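Trainee: Sequence:
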Amino acid sequence: MAYVPPHKRLSKGGAASSPPSPAPPPESAIPRFQRNLNLVSKNNPKKIVYAENAISKWVVVGLSDESRVSELTRLEPVDVESVDRKSGEKPLALVLKENVDKASELSENPWIFVSETVKHDLFSSIRRVKEMTGNEFGEIKPTLVLRFGKIHFHGNRSYTRESMKGSSLHGGTLKQLHKSFYTNLPAAYVEYITSNVVPKFDFEFEEKELYHVKLSDNTQPDSTISCKCAVSKDTNELELCKIELNRVRHLVVDMSCPDKNLDLRLMLCTKRILSALTDEEVEKIKGLINSARLDSEVKGGLRWSFGSQSSGDRYSVIGVWHTNAKIFRNSCTRLKVRVADRFDFRSSSGEVSNEVSLKMPEIVSLLIREQTVNNAVAIEKLKEKLKLIWKHFLIDRSST
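Residue 219 in UniProt numbering sits at position 219 of the sequence shown, with consecutive numbering throughout.
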């Protein structure tokens, strides 16, 4: 009998099984951090969660006069198979017009503009995180990360190729268009980072292969539990390493860089390691992990036999990631280059992507102390990091 993935299985009555949801726990049973966050779930199928007062903004970076976006840039359709397949339309990217005089129209130090633009939002976001946790971070881990990708603008079929190039679109419509951040990078760029950029810095190197099993918890419908697992060298079976709640976003700044090959996303987020689980809860989660079987032929690299993808009416497997990462680190920077094979059981969709991100723990450490002198030093450090990005990681679009 052929293997039937969980998302296609039917109950005996012919309808997809849907166990009854238990009554939500009383507020006193919900951890204080989660109550204070007042989580808001956006893009629900992927459980992207924002704190209630999260800040999200989009800016154009790299122009000497940021008010002249409509004169110097245009929207260009890009070929992205996965996006085309879902929406039937090509996404758009903001690029520099061909006749722009780069010597006079481009900024010599865009990292200063970015740092000055984000600093007050960064300070206030860190302050809110500290208030939510009562200044006791414990298992709450704030992270400041810079991700590389492409900002996609999604319009509709009424936008012709000529109107995409016109300045009128930028005046009022550009900010209104739905935007998404696409992190799947060309393999050639990933090779450029590992072969040309990394050797310029004094990094320690580490490789990690992990499976991330995503679970829904009927007692916390707005959260996703992520179980980090590794394959035991002795038994060649999956072993549970860490249990976390999904990441919560507090600050997201998307930066269109029209003269470069890629755009950037600066993100302040938190995640919480679940250390207060009961023995029964841990055993149920371990049971789901232990019932998985390694299978390189399926998306995500793991499969479950019929009936083993849920644990009673509490936990259910909703997705799986298989990641292979190369990590380059020093005391103040953590550069991760990884291949992620993802599958979401709810949407029956998956994708293999090449991703590059840079974490800045030194800056977070300074911001947490929240003293005027530390904030000033943190922003100077951020300027240094962004300058490094512009000098070494981003490539002029004209040379790609």
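These are calculated hints, taken from the structure and not from any lab test. This one's a predicted model, so the numbers in the text were calculated from it and none came from an experiment. Mixed in with the good hints, there may be bad ones.
[To be verified] Pairs of lysine-lysine residues, derived as DSSO-like cross-links and limited to a Cα-Cα distance of at most 30 Å, are as follows:
#1 K271 <-> K326
#2 K141 <-> K102
#3 K326 <-> K175
#4 K200 <-> K102
#5 K97 <-> K208
#6 K102 <-> K90
#7 K141 <-> K286
#8 K286 <-> K336
#9 K271 <-> K359
#10 K57 <-> K387
#11 K383 <-> K57
#12 K233 <-> K130
#13 K179 <-> K200
#14 K286 <-> K119
#15 K90 <-> K141
#16 K359 <-> K336
#17 K208 <-> K391
#18 K175 <-> K233
#19 K242 <-> K200
#20 K326 <-> K228
#21 K326 <-> K286
#22 K326 <-> K387
#23 K228 <-> K97
#24 K130 <-> K141
#25 K286 <-> K102
#26 K102 <-> K381
Trainee: Determine for every hint whether it applies to the structure shown.
Mentor: How the hints compare with the structure:
1. Our distance criterion of 30 Å between C-alpha atoms is met by K271 and K326, whose separation comes to about 22 Å.
2. At most 30 Å may separate the alpha-carbon atoms for a hinted pair to count; K141 and K102 exceed this at roughly 41 Å.
3. Between K326 and K175 the alpha-carbon distance is near 36 Å, which puts this suggested pair outside the 30 Å criterion.
4. A threshold of 30 Å between alpha carbons decides the hint, and for K200 with K102 the separation of about 27 Å falls inside it, so the pair holds.
5. Simply put, K97 and K208 have alpha-carbon atoms about 41 Å apart, too far for the 30 Å limit, and the pair is violated.
6. For the suggested pair K102 and K90, the alpha carbons sit about 28 Å apart, so the restraint of at most 30 Å is met.
7. Only pairs whose Cα atoms come within 30 Å are accepted, and K141 paired with K286 is accepted, the gap being roughly 24 Å.
8. Between K286 and K336 the CA atoms are separated by roughly 28 Å; this keeps the pair inside 30 Å, and the hint holds.
9. For a cut-off of 30 Å, the pair hint linking K271 to K359 stands: about 14 Å separates their Cα positions.
10. Using a Cα cut-off of 30 Å, the hinted pair K57 and K387 holds, with the two alpha carbons roughly 21 Å apart.
11. With a C-alpha separation of about 19 Å, the suggested pair K383 and K57 falls inside the 30 Å cut-off, and the hint holds.
12. For the hint linking K233 to K130, the alpha-carbon distance of about 40 Å lies beyond 30 Å, and the restraint is violated.
13. For the given pair, K179 sits about 34 Å from K200 by alpha-carbon distance, which is inconsistent with the 30 Å threshold.
14. Distance hint between K286 and K119 is unfulfilled; the C-alpha atoms sit about 42 Å from each other, more than 30 Å.
15. With a C-alpha separation of about 37 Å, the suggested pair K90 and K141 falls outside the 30 Å cut-off, and the hint is violated.
16. This hinted pair checks out: K359 and K336 have alpha carbons roughly 8 Å apart, not beyond 30 Å.
17. Distance check on the hinted pair: K208 and K391 sit about 28 Å apart at the alpha-carbon level, within 30 Å; holds.
18. Restraint check for K175 and K233: the C-alpha separation of about 51 Å exceeds 30 Å, so the hint is violated.
19. Pair hint K242 plus K200 does not hold up; C-alpha atoms about 33 Å apart against a cutoff of 30 Å.
20. Taking the CA atoms of K326 and K228, the gap is about 17 Å. The hint holds against a cut of 30 Å.
21. A distance of roughly 27 Å separates the Cα atoms of K326 and K286; the hinted pair therefore holds under the 30 Å criterion.
22. For the hint pairing K326 with K387, the CA-to-CA distance comes to about 23 Å; that is within 30 Å, so the pair holds.
23. With a C-alpha separation of about 45 Å, the suggested pairing of K228 with K97 is violated against the 30 Å cut-off.
24. Restraint check for K130 and K141: satisfied, since their Cα atoms lie roughly 11 Å apart, inside the 30 Å limit.
25. A threshold of 30 Å between alpha carbons decides the hint, and for K286 with K102 the separation of about 57 Å lies outside it, so the pair is violated.
26. Under the criterion of a C-alpha separation no larger than 30 Å, the hint pairing K102 with K381 is consistent with the structure, at around 27 Å.
Violation of the numbered hints given earlier is confined to hints 2, 3, 5, 12, 13, 14, 15, 18, 19, 23 and 25; the remaining hints are satisfied by the structure.
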